[in-house]
Each structure stands twice: as C-alpha cells, then as structure tokens.
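So the sequence lines, in the order shown, correspond to chains S, U, H and W.
One point on numbering: in the working numbering, the residue at position 17 of the first sequence is 17, and numbering is uninterrupted.
One point on numbering: in the working numbering, the residue at position 170 of the second sequence is 170, and numbering is uninterrupted.
One point on numbering: in the working numbering, the residue at position 99 of the third sequence is 99, and numbering is uninterrupted.
One point on numbering: in the working numbering, the residue at position 290 of the fourth sequence is 290, and numbering is uninterrupted.
Think of the hints as simulated: they come from the structure by calculation, not from any bench.
A virtual CB, placed ideally from N, CA and C, is assigned to each residue, including glycine.
Each hint should be verified, as a subset may be incorrect.
What the hints assert, rightly or not - Straight line, CA to CA, 35 Å or less: simulated DSBU-like cross-link-like pairs of lysine-lysine:
id: 1; chain 1: U; residue 1: K30; chain 2: H; residue 2: K348
id: 2; chain 1: W; residue 1: K45; chain 2: U; residue 2: K111
id: 3; chain 1: S; residue 1: K108; chain 2: W; residue 2: K45
id: 4; chain 1: H; residue 1: K347; chain 2: H; residue 2: K181
id: 5; chain 1: H; residue 1: K36; chain 2: U; residue 2: K30
id: 6; chain 1: H; residue 1: K317; chain 2: H; residue 2: K301
id: 7; chain 1: H; residue 1: K205; chain 2: H; residue 2: K237
id: 8; chain 1: S; residue 1: K107; chain 2: W; residue 2: K45
id: 9; chain 1: S; residue 1: K213; chain 2: S; residue 2: K233
id: 10; chain 1: U; residue 1: K30; chain 2: H; residue 2: K147
id: 11; chain 1: U; residue 1: K111; chain 2: H; residue 2: K220
id: 12; chain 1: H; residue 1: K147; chain 2: H; residue 2: K413
id: 13; chain 1: H; residue 1: K220; chain 2: H; residue 2: K348
id: 14; chain 1: H; residue 1: K181; chain 2: H; residue 2: K301
id: 15; chain 1: H; residue 1: K339; chain 2: U; residue 2: K30
id: 16; chain 1: H; residue 1: K347; chain 2: H; residue 2: K283
id: 17; chain 1: H; residue 1: K220; chain 2: W; residue 2: K45
id: 18; chain 1: U; residue 1: K30; chain 2: H; residue 2: K347
id: 19; chain 1: H; residue 1: K301; chain 2: H; residue 2: K205
id: 20; chain 1: H; residue 1: K413; chain 2: H; residue 2: K178
id: 21; chain 1: H; residue 1: K347; chain 2: H; residue 2: K178
id: 22; chain 1: H; residue 1: K220; chain 2: H; residue 2: K205
id: 23; chain 1: H; residue 1: K147; chain 2: H; residue 2: K205
Stated by the list, open to error - One side of the interface only, derived from the structure: several residues of chain S facing chain W at Cβ under 8 Å:
id: 24; residue: D69
id: 25; residue: G72
id: 26; residue: H76
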Amino acid sequence: MSGGTLLQVEDLDIFYGASQILFGVALSLGEGETLALLGRNGAGKTTTMKAIAGLAAARRGRIALRGVDLAGRRPHMIARAGLGFVPEDRQIFPDHTVEDNLLIGHKKGPEGQDAWPLRRIYDVFPLLAPLRQRSAGRLSGGEQQLLAIARTLMGNPVVLLLDEPSEGLAPIVVQRIGALLRSLRATGTTILIAEQNMHFCLGLADRATVIDKGRIVHTAPIAALQADEGVRKRYLAL
Amino acid sequence: MVRRAALADVLGGAAAFAVLAAVPLLIGGKAAPDFVIRCAAYGLFATSLNLLVGYGGMISFGHGMFFGLGAYAFGLLMQRTALSIPAAFALTILIAAAVATVIGAICVRLKEIYFAFVTLAFQMLIHSLIISWVGLTGGDQGLRGGIPRPVFLGVDLANRIQLYLACGAALVIGLVLMHRIVASQFGYTLRMTRDNAERAGYLGVDVVRVRLIAFVLAAVFACVGGVVMSLFVSGAYPDFADWTVSGDGMFINMLGGINVFLGPMLGTVILLLLNDTVTRLTEHDGIVLGVVILFFAIGLRKGLLDFVLDRIAERRATAVASPERG
Amino acid sequence: MATTSRSAIGRRAALAALGAGATALAAPRIVRAQDKVVRIGMPTILSGRVAQLGNSSRNAVLMEVERINAAGGLAGRRIEMVIRDSKGQPQEAARIARELINTEGCDLLLDGEASSGGFAVNEVARDLGVLCVHTNSETSSLTADPKLRLPNAFRVCRQGVHDSIVGGSYAAGVAKAKGLKRWATCAPDYAYGRDTTAQYVEYLKHFMPDVEIITQAWPKLFQPDYTENITKLLQAKPQALYTCLWAGDLTAFVDQASIYALLSQMELFAVNMADYTTLTAVKHLPPGIHSGNRYIKTFPKTPQNAAWADAYRARYKEYPTTWSWQNSAAMHFFEAAAKRANSVDGKKLAEVLPGLTVEVPFGTDGTITMRGEDHTIINYAIGWGTTIPTEPYVPDMHPGDWKQIVELEAEWKKANHYT
Amino acid sequence: MDLAALAACIANPGCVVTQATSGFIVGMLLFLVAAGLTLIFGVLKVINFAHGAFYMLGAYFAFALYQSSGSFALALIGGAAGSGVAALACERLLISRVYGGSVLMQLLVCYALVLILDDVVRMVWGNDFLSMGMPAQFQVPPLFVAGGVVPPFYLFLIAVALAIAVALGLALARTRLGKVVRAAAHNPQMVSALGINTGLIYGLVFALGGALAGMAGALAAPVRSLTPGMGFSILIDSFIVTVIGGMGSVAGALVGALLIGFIRAFGSVGFPLFTDGIMYMVMVAVLVTRPTGLFGRNAG
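This is chain S alone, in the form it adopts within the complex:
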C-alpha cells in the first residue's frame, strides 16, 4: 500500500423504499491494492458496488476517492472521477458491434491520461480482436464479460469496480478471466471485486472484506480468511 488510501467508503446506509439494505458499510482501498468484497447471495454486495458507482442512492455515508467525496454525485460524474464500474450482468450493448461497445466506453482518465487505446485493449484482450465487427449480443457469456471489462478500461479508470465477474461462467472461462485480472493487477490497477466465489479471489485479492445482511462483518488478508473456517462457514456458506 505504497500510495496510501485511494478509495474510502464510510457509514453507507441504503434504503429501497422503506426497507434498509445497507447498514453503515465501510471499506477502504489502497493505491494498487485489490480488495475482495465477499458475501452470500443477497448479502448486499451488488448494492454496495452500485452505491459506489452512483447507481443506487445512499441516504447517508461518504464515498471518497483520493479524499474527494463523491457521494450523491451523478453516475457519470463518478465515472469521470475515475471509478470504472463493470456490472454483474455485464450489460453490454447487444445491438452494437464489439468495437462500438469499446468506443462508447472511451474517455480520458481524470488526469487526462489515455492509457488504454484500442490497440492495447486488443493486445490485452486478444480474444476480442477477431470479433470487433460482431454484434455484442452474439458473443458468448465469457466473451461478453471480457468485453464489459475492456469497455470500462477504455474509460481509463483509477479504480476498477468488478461485480461478480465469474458468475454464470464455465470454469475454463473463469480461469481465463482470473488470469486477465491478475495481469491487470500486475500493471498496478486498483481493483474492488465483489464475489461469491472466494476461490476465484485467491491469488488475486490482497485483502478480503466480508459482508452479511448489509453489514461488514469481517476484514482480513485473504489468506487469513481462507484459513478461518468459522468465518467462512458462517458468512460464505463454503
């Protein structure tokens, strides 16, 4: 954690209608760090991710990127500030070609950086290169997930927010995506990854934080978590 805290979430309360979904969620991410947000189905992972991306309105709380509070800003402002969100169901634009999907995602980073030109994308995602003119709706699930990540990278994010990237994919594809994320991490990308699948995060995340029923219940280095059977059984159903 060389560069200190990059993303800091504090006291996040979220309501859907009258019912409260998140209760004072807090987490923090250092520069270049990868943090796994683990929890069961329905524990509040996706809501937390959406809240950070500005897609779910928080009633209370602070979401600071490099000390600047982004809570309450509109999603596009948050994206421009450097939070790049990859949603759980990928949400690619099915009628557009692969390349158009990427182009729609293109923007410069908050400091004007343009580190992800198309060429580099196709280098890092060699599978997408031959598909560039194909309709995104006709890609396989794994290809769509790659496209979704690539599209967000086109926007030169400071922090990559990944919501369940392994969900619903074949093991071989999951492995491939894991490898890709590790290579991204190696280049210094800061990643917050929400996952049900703890094994997917092993060797990828530095630390893990566990959420249950809308509350953060445990935070530890991921290796320690793997060793802690009690926490795993209680919160992760493994």
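Since the structure of chain S is provided, determine the placement of chains U, H and W on it from the hints.
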C-alpha cells in the same frame, strides 16, 4: 364482513343521494342542478376509467369511445324507436357491453403502452365512423332535434328537477356498484393482475379474462355517463367519442388521484369548476389550465386525494416512529 | 368602451360567485336588481380555428350595443352583453347557453355558434323557452326543418340554400358563356361542405342541365395538406372547380393549388373567397377567381354599407367578416323588435319578430326581412363576382334575384318534405 | 368507394407520378415530425404528445423570419433552430422532471405544454390564420414528368427531407454520438456508468426532435395556413406513423410515413371518404399482429 361493507356502501349511497336531492332546495337557482348533472356524467365516466387505470393498471387512451357510444346509442334509440326510457337504457348498456367485448377481446391481450395505443386507435376509428356515417349519426352536426323523453313510471325526464334526481340516482347507484366491484373477490383479482400478472397467472388466474371483464364493466359505466350527458344536452355529438373526452378522463383521474376510489369524483368536481371559472375569466384559459396541470404533475406528482392520504399516512408513520427514537 | 365594460361585468360576476364560496354552484343572480338593464347572453367561438370569426362577431355586437345604448337602449333598458367562449365544442355551447340564462340571469340569447354548436344551443332554447337568435349557423335545416324549428328561435344569418341558388345561377351563366361542362368539386368532409356542395351542384344543373360532375374531392375539415386532393383534381382535367373550403383552409388550398398551376387549367368557383380575412391573407391572390360575397364593403354599393365597414375598421383595425354583418343585423332586429313590442320580454319579442323588416346596410334594397313562416332572413345582399388581386378585390358583384331564390327555395323545401 | 377510379389511376403513368409525388410530400413531412417523436420515445421513453407544438413553432418562426428578412433559407434554418431551442427549454425545465415516472404524468406534462404553447402563439401572432406565401424562387410553373405534374417546390421539399433522413440515419449509425444515443436508448444506466452525461443526451435528442419537427413546419409554412393548434392533426398522423413503424425506430418512421402518405394519395382517389378510417384500421391491424410495430424491437 363483506355483507357489512356492502351495507355501508348502500347506506353511504343513500345518504349521498339524500344530500343531492336536498341541493335544489338548499341552493336556489338552476345552476347547481346543471352542475351536478355534468358531474354525474363526467364522474361516472372518470371513475369507470379508474377501474381500468387505477385498479387494473390498464392505461386506456380511448375510453371516451364508450362515453360517446352511450350517448349515441341512447339518443338514437329514443329518436328512432318507440322504446320506453328504461328499455332504451337497458338496451344501450347491452350494446355497449357487446361492443366492449369485441374491442376488449382485441385490446386486453396487449400490454402497457401498446394497450394504450390500440385503444386510441379504436377510438379514432369509432370517431371517424360517427363522422362518416351521416345517415345514422348526423355526422359532425351530431344528433339533432333533441332526445324525446316520454314519461315512464310516473317519471318525467323533461322536467328539470326530475332529470336532476334521476341523474343523481344514476351517479350514486353507479358509484356504489363500482365500489362493490372494487371490493369484491374480482376486484382483488384485478389488482393482482395489475401488480404482477405473471404471478396471478401461476396462481391459476385467467389474466386475459379478468382484464376483459374489467374492460367491459368500465365500458358499461362510461356508457351510463354518456347517457347522462346526452340527456343533459339533449343530443349527442362526435366530440363525445373524441380523444378530448378520453383526455379529460385521464386529467380528472390525475387531478383527483387514482389510488382512492373517490379520487376521480373529486377530480371531476375540480376540473368542471376550473373549466367553468377559467373560461369565464380569460380567453387564455390554455395557459391557466396548463399551469394547473404542471402543478399537479410536477409539483404534487399525484392526484389531490392521493397526495392528502399519503401525507396523512406519512404523518402517522412518523408519529409512530418518533417515540422509538426519542 | 363596451369591451372593457363587458369584461368588467364578467369579472365582477365571477368574483362575486367566488366570494359566495362555491363558484358556479352558488352564483347569485346579482344583476336582477338593476331593472334598467337587459342582459343578452352570447355563446360564441373565441378560441381555436374559428376564433377569428367569433371575435369579429363580438366586435360587431359591441359596436351595435354602444350605438343602441347611446340611443336609449332596448325599450328603455341598457344592454349588457355576457359573451362566453365555447371553443367550438357543442356540449360547451350547450352548457354555456344554459349557464348564461340560469346563472348569469340573461334575458335573451344571441347564439354566435357555428353549425353544430348552433344546434346544441337551439336545444337549450327549446328546453328553457328563452328567445334565441342564431347569427352564424348557415345550415339550412336549422330553420327549414319543422322538427328543429322553434317558435322562440330565429336566424339572422345567410343560409346555405340561398347561397347555392345564387351560386348555381351565376355559375351557369359563366359556364354557358365559356362552355364549361366538365366540373369537379372539392369540399371539406363535414355537414356544411357536403350539403352546400350538393345544393350547389343541384342548382348548377338546374340552370344548365348538360353539366357533368366528373370528380369530387373530400378533404377533412382543417386538413393541413390538400396535395393529394389537388393532384386528384388535376388528373380528372375538369374545366371548372367548385369549392366551399373557407378561411385558412381555402388560402392553403389556393397556395397549394397555385404551385400545381391548377388555376391556369380550370376556372375556380370558391364561394368563400370574397371575405376580407381570406382576401387579405392570401399572399398572391390570383385574379379571376369566382366567389360569392361573404362580406365586402362594396356590395351593396351604398354609402351606408361603406360607412359601416369603415367604422368597424377604424375601431378594430381590420375589416369586418361575414359573421360581423350577421351579428350587426341581429342587433338591429333586437332593436326594432323591442321598439315595436315596447318590451324586452322574450315572448313579446318573439311575437313581433316574424315578418319584421329592418333597415340595415346589408340588405339588397337597404332592408332585411325576417320571414314569418320559417324564422329566417331574406333580402340580404347576396351575389357573385370575380376577384382582382387588390382592393376592392371584387369590383363587380352580380346580385342574386330574391324572387328566384324564394321560388326555388320553396321547391327545395317541398322536395325535402319540410312543408 | 371508387375502385374503378383507383384502377384507372394505377393504369395511367401520369396519375401514378402525380399521386406518388403527393404521397412523398405528405409522407416526407410526416417523417420529419415522426422521426423526432420516435427518437424521443426510443431514448427518453416519453411519448411526446407536445411534439406537434414544435411543428407549429417551426412554422411560426419561419413565418416571422421570412417576413423580416425575405430569405427562405434563413426561415428554414431559423424555424428548425428556434424549435430546437424551445424543445430543449421544455425538456430541461419540465419533461426531465417526469422521466421514469408514470405514463400518465408524462402525458399530462405534454398536454400542459400543448395548451401553453398554443396560447403563447396566440398571444404573439394572434388568433387569425396566417399565410406566408411562396418564396419568389419557387414561383415557377410545375414540371411535367411522364404526363404527371411535379412542382419544383415539392421536389425541393422532398430533397431536403430525404437529405435529412439520410443524414440522420448516417449520424445514428456511424458517429460516436449516434452510437451513444442508440446505446442510451437501450441502457441509459450503463451509459451513464461509462461516464456519459445521459441528461445531456436526453436534452440533445429532445432538441433534435424539436428541430426536426420545426424544420417540417418551416418547410410546410409556404403552402399551409398557420393557426394556433395547427400541430394537432400532424401529431395524430405522426403518432400513427410511429405506431405502425415501431416506437423507437427511425427506419420504421420513414416506412410508416411513406405508407401513410401513399394511403392518403391513392386513398383520395379510391375511397375519398374513408382514408382516415383506412389509416386507423392499418394501425389496429399492426398493433394486433405486431404490437411493437413493423420495425420495432420485439418486447415480447
């Protein structure tokens, strides 16, 4: 329970009718009865539209066609046949129900906005039929020569006070019946298809059939509104079946509120008062009406009665919640 | 000025009603106390497509009211007008007419509605038994059909069948001179358009039996674009075209027909062209269009007529319309009837109106008569002529022959089982 | 019914040319209005019942500019631009407040806009109908093609409308903004999560729709009479067009508009008294068999 609720409705209806009947005695002049008759016509129409919109989740852009149908069918039967008023009235209802069954069978299969479109298309079709079929309908000039009102069972609708009482009775009976429908098992099923048609389907509800029945019932009450209107103006005009009437119906519902049974009735009174006073004060009534609409649509974001009840509910909720916090 | 007094009254009444707490419900009949006043209620069209005509009706009425009041009023009572906008909707017209009598305490109705609104107001007059003078409904059946006719309703307005007889006879003259045998018609598809066209064709054929109607176009009322009708007419290659389109629809039609050079290919008989609103609105008025007189200050060519038009123009900065003269004439009828009956009671006025002749600038011989048998006016100025692009627009009007009109009208009534 | 006349017309090339031009005129002007209506629905999910008002504003702006400058080109541009700006203002101030709300609220806001704009036009330009007159450069005799009549002004009008149709199609398909607009129609939340201001996109689309309608009004101003409320019948026709073509589909709007144009052109020959009825029947038939319209995405 059900029986007691029905009794309450009937008693409430009787009380309402008693008040209406007293109006001409309490307030001199002939203006009040005229106003109440128009309220009856539009109120029946708007409340019936709310059966579809509020309770059935079916946004119809073409409900005015049944208002027009009622006025024309009744007017034509009275002008061209020797039927008594009750017989013509009953036959008008049958005609409206039959037409609504055919049109509804086509419309209710479509969802959401497409239902709205297809009802609008049917309304335009019927409106252009009325305009084109001059021999029967008189075309754009409407049914001329007045609607004859032979005395039946000692009731003389040519007499203004008796007409007033008859229209008031039609309104009260119509509202009570509609409220019974809403409170019935059928009403419950209808709301279920509104909230989650798929789930209702799993539970063995024939969604299309439920919607069709609601469509026909709504058409019948709209048609009664049309009959009242035709008696008020002693004629029928293509405007009755035009989009403006459907639009007024929507507007009334939004003014009064769609989540409370009497919302449309309140909306009717507001709209008619608004219309009558604004047109009297200015020729630029468009701007005034437009601003009022914007106030409801953007300011309150709901009808008046909905707004008031929500506020009351909110206040109660905070009243309950605050001791806990304290 | 009468305008302000009118609106002041309207506002005062409304405010009083609001003050009573329940607006229309409890509006008191406030003016009854002032016995020196007679209130005339006037539903007319002040918004929407026909508003211009409704406005011109109101203008003419207010001008006459000022004159009559200055001269002592109706049978000694000052006239107060209560004028309301029906937006052209018949049910609104009916509602307003009722309200004018029941709430505003009006004694008489001056119905300034177009045809369907006129029928609606007629039913109100039947129901309430109040004296009603229709000023703008040209549909012949309103007074010709005994089922519609009322003892307490009168019409001071040109009538479709009169127009058609004069138009047919004039057209037959032109057709004979120029050899126009193949005719087409183009009329808005609503009652006025259909009836007027049918009657015109009937009388054209009456005066010139070998005329043939080869095609008929029926655009919708207020249709924005007539291109498909124009091209259809061009295809048929008629020698002459009759149209009863009016106001904005007529100017749009002429503009659109011009770019197809339609007018160079056939003679155009447009009954509603010679109205100042239309004549002045067309940017490039083609010469040689045949038209009936709606209102034109040079027909009849009398100093009285010109003076009235100039006075109107000086006051309202525009020329009067055909609705203006009709409403002006109606006020003259009220005035003359009140004088003869020495009363403003509706029943007494209804007794003296039949057969009453008044002096007005719009009569062929300086007078117009309310025909007793069917409560509609005769002897008003009616004629046809051809246009030139600038004032006086229609230099030579050929007046219709009222003897002929009345004879043929009687036959028409018989054919329609009205007598 | 006059089917013999219709058959005779179809057999006669002159008649086909003349009526087809007429179908194109009516159709292309409708397309300009309907394209905006369908785009706005596609992206904003709002049925803009106030769309006819922007057609009206376009015509009145063009009228005023032509009166003061004498330049028809300026009138066209000004009509379109003025309507676009007015549309943007309406969207930012009012319509944007009911996004995602109930259809009824959106409907009411649009209805209120119609009432207000009609009244504003009445206050500024008066109740009377206005006629702009044909610009001098188009006061020329018509062309004769294969025995049919084709006025040069209408050729110009069709050409301008076609050019706009092509430009619109290309812009939506090829430019980044066009791609973003289409993406926003499909999934606005994702688009905003990618850092794109969807509010801006909505405003742009609404303004573009208003400008297209204004352009139609300006193009039609020389041959149609101007009255407050003139947008209404255009709105109904273009509404039918978009329903037939498929709400949200620009290609559908083009096909639907031409279909309505041709039904009018040939219907006036074959069944002059029931062309409207035919249009409504086509609309019902399309809705019943394919509710999302001929070119609409199948919502299932």
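Checked hints:
| no. | hint | verdict |
| --- | --- | --- |
| 1 | U:K30 / H:K348 | 24 Å, holds |
| 2 | W:K45 / U:K111 | 15 Å, holds |
| 3 | S:K108 / W:K45 | 30 Å, holds |
| 4 | H:K347 / H:K181 | 51 Å, violated |
| 5 | H:K36 / U:K30 | 23 Å, holds |
| 6 | H:K317 / H:K301 | 22 Å, holds |
| 7 | H:K205 / H:K237 | 19 Å, holds |
| 8 | S:K107 / W:K45 | 26 Å, holds |
| 9 | S:K213 / S:K233 | 15 Å, holds |
| 10 | U:K30 / H:K147 | 27 Å, holds |
| 11 | U:K111 / H:K220 | 32 Å, holds |
| 12 | H:K147 / H:K413 | 13 Å, holds |
| 13 | H:K220 / H:K348 | 43 Å, violated |
| 14 | H:K181 / H:K301 | 32 Å, holds |
| 15 | H:K339 / U:K30 | 31 Å, holds |
| 16 | H:K347 / H:K283 | 49 Å, violated |
| 17 | H:K220 / W:K45 | 32 Å, holds |
| 18 | U:K30 / H:K347 | 20 Å, holds |
| 19 | H:K301 / H:K205 | 30 Å, holds |
| 20 | H:K413 / H:K178 | 32 Å, holds |
| 21 | H:K347 / H:K178 | 53 Å, violated |
| 22 | H:K220 / H:K205 | 26 Å, holds |
| 23 | H:K147 / H:K205 | 29 Å, holds |
| 24 | D69 | 18 Å, violated |
| 25 | G72 | 15 Å, violated |
| 26 | H76 | 5 Å, holds |
In this structure, the earlier hints numbered 4, 13, 16, 21, 24 and 25 are contradicted, and the remaining ones agree with it.
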